[in-house]
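Residue-level listing of the chains:
6 protein chains.
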Amino acid sequence: MARIDGRAADQLRPIEIIPNINRFAEGSCLIRCGNTHVLCTASVEERTPPHVPEGEGWVTAEYAMLPRANRERSRRDIAKLKLSPRSAEIQRLIGRSLRACVDLAGLGERTITVDCDVLQGDGGTRTASVTGGFVALALALWKLVQDGVLPEMPLKTCVAAVSAGIVGDELLLDLCYEEDSGAQVDLNCVMTGEGALVELQGTGEGRSFTIAEQQALVALCQKGIREIQRIQKQVLGGGRDENGISQQERP
Amino acid sequence: MARIDGRAADQLRPIEIIPNINRFAEGSCLIRCGNTHVLCTASVEERTPPHVPEGEGWVTAEYAMLPRANRERSRRDIAKLKLSPRSAEIQRLIGRSLRACVDLAGLGERTITVDCDVLQGDGGTRTASVTGGFVALALALWKLVQDGVLPEMPLKTCVAAVSAGIVGDELLLDLCYEEDSGAQVDLNCVMTGEGALVELQGTGEGRSFTIAEQQALVALCQKGIREIQRIQKQVLGGGRDENGISQQERP
Amino acid sequence: MARIDGRAADQLRPIEIIPNINRFAEGSCLIRCGNTHVLCTASVEERTPPHVPEGEGWVTAEYAMLPRANRERSRRDIAKLKLSPRSAEIQRLIGRSLRACVDLAGLGERTITVDCDVLQGDGGTRTASVTGGFVALALALWKLVQDGVLPEMPLKTCVAAVSAGIVGDELLLDLCYEEDSGAQVDLNCVMTGEGALVELQGTGEGRSFTIAEQQALVALCQKGIREIQRIQKQVLGGGRDENGISQQERP
Amino acid sequence: MARIDGRAADQLRPIEIIPNINRFAEGSCLIRCGNTHVLCTASVEERTPPHVPEGEGWVTAEYAMLPRANRERSRRDIAKLKLSPRSAEIQRLIGRSLRACVDLAGLGERTITVDCDVLQGDGGTRTASVTGGFVALALALWKLVQDGVLPEMPLKTCVAAVSAGIVGDELLLDLCYEEDSGAQVDLNCVMTGEGALVELQGTGEGRSFTIAEQQALVALCQKGIREIQRIQKQVLGGGRDENGISQQERP
Amino acid sequence: MARIDGRAADQLRPIEIIPNINRFAEGSCLIRCGNTHVLCTASVEERTPPHVPEGEGWVTAEYAMLPRANRERSRRDIAKLKLSPRSAEIQRLIGRSLRACVDLAGLGERTITVDCDVLQGDGGTRTASVTGGFVALALALWKLVQDGVLPEMPLKTCVAAVSAGIVGDELLLDLCYEEDSGAQVDLNCVMTGEGALVELQGTGEGRSFTIAEQQALVALCQKGIREIQRIQKQVLGGGRDENGISQQERP
Amino acid sequence: MARIDGRAADQLRPIEIIPNINRFAEGSCLIRCGNTHVLCTASVEERTPPHVPEGEGWVTAEYAMLPRANRERSRRDIAKLKLSPRSAEIQRLIGRSLRACVDLAGLGERTITVDCDVLQGDGGTRTASVTGGFVALALALWKLVQDGVLPEMPLKTCVAAVSAGIVGDELLLDLCYEEDSGAQVDLNCVMTGEGALVELQGTGEGRSFTIAEQQALVALCQKGIREIQRIQKQVLGGGRDENGISQQERP
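Protein chains in written order, with the UniProt record's numbering: chain A, 1 to 251; chain B, 1 to 251; chain C, 1 to 251; chain D, 1 to 251; chain E, 1 to 251; chain F, 1 to 251.
Some hints here could point you the wrong way.
Unchecked claim - If you want the footprint, here are the derived chain E segments under chain D, 3+ residues with CB under 8 Å:
| id | stretch |
| --- | --- |
| 1 | 19–26 |
| 2 | 30–42 |
| 3 | 60–71 |
Said to hold, decoys possible - If you want the ones that stay clear, here's a sample from chain C, every Cβ over 10 Å from chain D, calculated:
| id | residue |
| --- | --- |
| 4 | GLU46 |
| 5 | LEU81 |
| 6 | ARG92 |
| 7 | ALA100 |
| 8 | GLU109 |
| 9 | GLN146 |
| 10 | PRO154 |
| 11 | GLU194 |
| 12 | GLU199 |
| 13 | GLY204 |
| 14 | GLU205 |
| 15 | PHE209 |
Worth flagging that the hints you see were computed from the coordinates, not collected in a lab.
These numbers were taken from a predicted model, which means no experiment stands behind them.
The beta carbon of each residue, even a glycine, is placed where N, CA and C say it ideally should be.
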């Protein structure tokens, strides 16, 4: 079965990550996964929420879609006075995924808020947000190091994310909107650079799925994430030359 | 390592399901999994939300904790004017799980809302809500059949749920609160009576986890769910005798 | 005229109070007045709201109905983003009634919040909440004494509540839902153990009522409250034996 | 004991009712009871809320205080995103009291909303609102009759309200703010022109009160309401001369 | 073209300002511009919001319409859980206008909140609010001086406001509601006593307007504001006699 | 006095408008005025709000800033449950400005919502939103014409907007953030292609301003708007070649 955009079953959509897209944020990027575009900014604040132990930092995320990110315009959350439950679920996932990377004691008593705003959504916005959110977070941490605020990067690992699904009984990597809306099973993986799982969410939308199918979907994601992490590294590798000078600063 | 309540690593907490606990709801039960107590009611309304195709029905869920369900009192959602994001995430999970069981065309143009209110929470409230919510849902559907509203049960399958986790590098089934709050990995499974997955959510809280660990946790859940479904069947089996007469009716 | 459930005009519905129903709350009970079931928990917090004078404590109440407590499912307050005005009115009544019992200086700088959540409502939920709320409050205070936090019970009096009404020109005690919804006059009394009034609310729903009728309704309530207080005392009397050892502690 | 403003124990504050104070409302008045000033408007809309039976009308009330109606400025409800619970309680009382006067079938399928906005509050705002709200309501009904919309006034009775209380063991009528804030017992009566009770609310603020005290307070209110209703009649009597021509129209 | 109320094109509606209308507010007035009636109160609080520099004060404004201020009843903001966007816009204008008059350092670390509540609206409510709000503000400041809290009036200038518009190609001063709702162009000016602009807002509602028209409208407003400021001075001049004794105090 | 970015006093920042930036919206652009970046989408819906006369259409606007559009991160409106009053004011201005261009009868019974989301803000976000919003609107209308939904463009005129201000007594065009935050006077103009005013808002932030100053600021804006409209035309001119074929379609 040919995919709607001609990709192979285990092929990612083209990914582009433009770092430092926002002039004010400590870290930022625009991530494009096919027609899914997410603006990610990481903001550092010198205080922590009450539930955080003394001496530690905090990393959190917020996720939202612009009103016309989709085929039909959605009303803004503020017009309905309710955070979209879907956004609530997604931003909790992003937050947990990013916190898994950071040594919170090493971060010190500060909060990094990663805002993921979907400018255009064509499937896979939550996984693009994790992947782009990690880049924004790492850039913000790198800035704290360069500014002498932190002695070293408080990163334990890196994360990236992708989806896989079963569409018409075929296992496909990185579903676009048309595929996703017709998928029988949809599974998202967040993984570290070492290939270990950080988050795993699978849903049988049209039918239940066997444990064997679940394992095959995770394997497909693992392959995709390896490629995504190569792109992340290219973007972040440009963050410092051999003298430790950042090349991401604006001229 | 001994568990806090003396259970074996793959042993469930005692489960009790009291059906028809609410005199007004079309279906209801109180489910107790150890010290986790959830009141589940299924309410039938003769209309559907706008997004539902003509001729079909809808199944949805709401989840909330009473203010003192936990060790410390929480403020009510209405006092904060915000649905708890955690509740939003959980009620979406319950709703998807229960919809997976129902033939929505067979249900006809009506909505069943399953309310899961946690009276006391000691870990595993979301999985207890799925397990108990299914019982309430099935009782409500059975009432529609008995009342002649539906010709037959529009159930495609049954579901139950349980959690497993890694605590101090040991794999344990059905975590209670103390275990859950110290767990390194937490994984929830919703499965059908046939042992297929409906929902799967795994989170590395203290560390990431390997694919092998993930598979072992799913296997542990599968074992537990088989036992839970036996209890569900006892409760629901009491719903009709060999003549099809319900024995759950109040005298 | 026979009452719908065969009671005499001045007869209460069967009352059952199960103390310590919640494992976490400092005090709690489940009260059942006929088919009206209210879960009451009393939570102690070591701080007071800003309006409370230094050195004093505070007692407050919250009241809510579960969505399917009634014949028809109600939307949750949080779905409407508004505290139900009826709940607002009722929780103010409960709060005033319970505060009337407590020596706030003797309580010290702490707040007791009594949550009354109606699991099933069949008329008289506000009076059942006052009666059960007092039990939960007294158990919480007793725990503070037993734990050595307070030197003695800061209770000035005890309270209980009941309704009476005029249905088809007959004066009836303790109206159930069917009676209440057809009542011409509805009157609620909160009284102390000594038979003095703490709160009195009368409403002419179908017609106005004479002062003589009002007095007869209060007398009817007074009779009922005397019986209710006997049940409260049995429950609370079990709270300590002659050696001052509580028998309500979990083993 | 002399009262703060020199009144006798059973003496009302001076009452002034200025009818037709608002040029747009179908009925309106400004009521001044001493330093308590409430602007009451009655607005007619040609539709009813969903819960009203076909063929019948509805009467409802809203109550609010301007931010500086009191000694200290209060934040507006909208700034807190919550209807004040006290306002919720009071507007339910006003609504029930006014509905008790109206033949809802005679009103036809229309809603009258009586808005009571406290410009200045010095105790007794809820009873002034009932008294003034009735005048606004009657003027609006009279306008419907004059406009030929209704064949006759759909009024079953008239209502007025006043408070009485126990201050330092003395029974006083119509408490002003200073008296009210030091009162041991506070009781509000809404009564018809025939002296029957419509609403009765008594609260033991500093102590409980005996049934004899309660009865004495109601008697005191009854005396006051008789005088208030004479003033209401003067104002409303001016509403039509012997030819049925309204004298309240602006020239 | 004759105006609806017979005024000349450059003639104001009758203006009346009743100072000290509210017994509790530090400053207050009721302003009537024709049938537009606004109650203005100025409340002093001994604290400032966080964004205010140390040692300085703050002046802010809130604006609202009573539900029946208009031809049709509007729902209250709290019933919609949203501050009316029009009110938000207007209260920002009033706040900026009044802050322009005050030496915030001279005010000291206190906040003056000017509440402008429209009792009846017939066009020009925002300009009447600025004009009346200034009077309330000045009276509150004068009270601070009289009470010895401030050594001198921290007023840099005085402000008043009026609208002008183009109706049927005629330039008219001080539009009433009927004129305003048919106006092609509507322009509001806030000016100081010296005739300088503080705020200027012009809107082409039916058509765009030339720079020459804009200038003519500003000139018309300037003429009107001169007259309004004379009335303000009369009211405020009465605030103290040659001995510095306020004549506005209630006897 | 040299400007912070070396511009002449009457010089605009570089402006770039990228049309059709959003794949789903009927019209869209990204506008960059210096470091101010606004994403504008125009969404067509085949219904109108209740207040719109039958047979006519409606044009409305919404405005918001992403959390990190500014130097410091702002909390989202939904986290505060309040539409920012500043956003409320600005989106009303944008809506009025865009409605002034459109023949609402010619649009037919449909609504166009123009969303202006500030990705990065460096002063002048409201005027950039008007300028970019007009481009998005015109592209959406052109699509309706191309799709045969409308027989011709229902545009009466075009609009663009810019600010001017007084900084240190110098009159400057198109203030950036640093200039704006130190400005004594700030004035925004929305003008048609013919140089007539549609909206005019001037504010004396540090001091009041003379009529002569006001006129000079409007003249400065008029010069700037002429240049902006040339850029708008280039972008929109590309919308159709001499054969009427749109060149803005994606390949």
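- Tell me, which hint numbers fail for this structure? Numbers 5, 6, 7, 11, 12, 13, 14, 15, in rising order.
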